[in-house]
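*Asks:* One-letter residues, chain by chain:
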Amino acid sequence: MKVLHADKSKRIVLPSPVRPFSAWVPVLVTEKEIRLIAYEPPTQPGLAKGRVVVGKDGWPVWEGEMVMDPVAALNQDRQEDANA
Amino acid sequence: MPEYFDSTVAVSAIFPGSANHADASARLKAAGDDAYIINHGVAEVFRTLTGRLRLPPKAAAQLVEGVLLARFKDVHLSRDDYEGVIKAMSDKNLSGPIIYDALHAAGARKIGAVSINTYNCDHFSKVAPDLKVD
Numbered sequence: 001m002k003v004l005h006a007d008k009s010k011r012i013v014l015p016s017p018v019r020p021f022s023a024w025v026p027v028l029v030t031e032k033e034i035r036l037i038a039y040e041p042p043t044q045p046g047l048a049k050g051r052v053v054v055g056k057d058g059w060p061v062w063e064g065e066m067v068m069d070p071v072a073a074l075n076q077d078r079q080e081d082a083n084a
Numbered sequence: 001m002p003e004y005f006d007s008t009v010a011v012s013a014i015f016p017g018s019a020n021h022a023d024a025s026a027r028l029k030a031a032g033d034d035a036y037i038i039n040h041g042v043a044e045v046f047r048t049l050t051g052r053l054r055l056p057p058k059a060a061a062q063l064v065e066g067v068l069l070a071r072f073k074d075v076h077l078s079r080d081d082y083e084g085v086i087k088a089m090s091d092k093n094l095s096g097p098i099i100y101d102a103l104h105a106a107g108a109r110k111i112g113a114v115s116i117n118t119y120n121c122d123h124f125s126k127v128a129p130d131l132k133v134d
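Same order as they appear, the protein sequences are chains U and C. Letter by letter, the first sequence follows residues 1 to 84 in the numbering used here. Letter by letter, the second sequence follows residues 1 to 134 in the numbering used here.
Misleading hints may appear alongside valid ones.
Keeping only pairs whose Cα atoms sit at most 20 Å apart, straight-line, the calculated SDA-like set for lysine to any residue is [stated by the list, open to error]:
| hint | chain 1 | residue 1 | chain 2 | residue 2 |
| --- | --- | --- | --- | --- |
| 1 | U | K49 | C | G17 |
| 2 | U | K49 | C | R54 |
| 3 | U | K10 | U | E33 |
| 4 | U | K56 | C | V114 |
| 5 | U | K56 | C | Q62 |
| 6 | C | K87 | C | H40 |
| 7 | C | K29 | C | A19 |
| 8 | C | K29 | C | V114 |
| 9 | C | K87 | U | A82 |
| 10 | C | K58 | U | V29 |
| 11 | U | K49 | C | K58 |
| 12 | U | K56 | C | K87 |
| 13 | U | K49 | C | A59 |
Calculated from the structure, these hints are not laboratory results.
Isolated chain C (complex conformation) (with noise of 0.2 Å):
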């Protein structure tokens, strides 16, 4: 069974301290090989890692690849794929940043999940009332 987690879970699975690491670890390890995030998940996690959280771009790059790309698949959305979610946040008129939880359900649907790894639970009943939230 596919196992879809946005970024929020994945980016907690690399911080011991954090609140939500033994959480995000077990989910992880659970999801063995069906684990799954978006490439833009993927740049998100490096973003954070080398931005708010400052940590060195080399650290940062050497965690990505240690968890990001070597624990998660890649869901591969298409310029269609963009173009539906797009229109899914102008239909729900729904504006700024959220438009990257829709990409991770848009990530979620395209690989026949049924339920999102996240943190951020209200930002997905938002745009993905078909999905459910973990």
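Chain U extracted, bound-state conformation (with noise of 0.2 Å):
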């Protein structure tokens, strides 16, 4: 456990914690104790990488990253709005 001094203001100076929309989090153990906890936000997953092609048939393609199978991700996002 990392303890924090205060400076010669009487203030407290934290480490920033690194990612945007994060924070630190006080939690009251005892009376005399208060621990911080750095709060990390879940990551979003970024989008895929790629490009729109005309394909072989002769219509747009994606060429790129495909995250998962398309009809078993139609299936997915169709459950989850029906869930929302």
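From the two separate chains plus the hints, produce the assembled complex.
*Replies:* Written out as structure tokens, the structure is:
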């Protein structure tokens, strides 16, 4: 456990959490002890990498990362929408 | 002869890396100018491209335009059609996302198709035993 000390102005300077939207969450352990927990939000998955190209059949297709099988994705999205 | 496609075949035609791509493409080519899909199917494909498949919205729109809108004819479902689908779901005691398959089945019946091009064959046996599934 890292002990933090106050500066001359009696302020405690915390190291900045690195990620955006992260924060220190104070948790009162006893009347004399507070612990600071670093909260980091879950990371959002980024967009799939790739581009639209004309496929061999003459219509546009996706060339690049395919995160999962499209039929499974469609059925899971349907289920998610139904549960929303 | 009108050929009805559900969203599973339409979305597979967009991904050359998918297991069903060759089959979906062959079916779509064979249908020529007689490929049909309901508008809900178009929205559903966009939703999945930008949802679980995480494509950028611009790319998804390009694909929907170039494949769904350019190669499939529209089957218009009216409010009465929706009412009929909901009543049929209730009569069969079916609930949840299977209603989307029931809407596709209604689209297929509306254009007089005898079968549905789909990869959700088991879903259609519940909502459309009157239609063949391919």
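*Asks:* For each hint, tell me whether it holds in the structure or not.
*Replies:* Here is how each hint holds up against the structure:
no., hint, verdict
1, U:K49 with C:G17, "holds, 14 Å"
2, U:K49 with C:R54, "holds, 9 Å"
3, U:K10 with U:E33, "holds, 17 Å"
4, U:K56 with C:V114, "violated, 29 Å"
5, U:K56 with C:Q62, "holds, 17 Å"
6, C:K87 with C:H40, "holds, 18 Å"
7, C:K29 with C:A19, "holds, 17 Å"
8, C:K29 with C:V114, "holds, 18 Å"
9, C:K87 with U:A82, "holds, 18 Å"
10, C:K58 with U:V29, "violated, 50 Å"
11, U:K49 with C:K58, "holds, 13 Å"
12, U:K56 with C:K87, "violated, 43 Å"
13, U:K49 with C:A59, "holds, 11 Å"
Taken one by one, the earlier hints fail for this structure at numbers 4, 10, 12, listed in ascending order.
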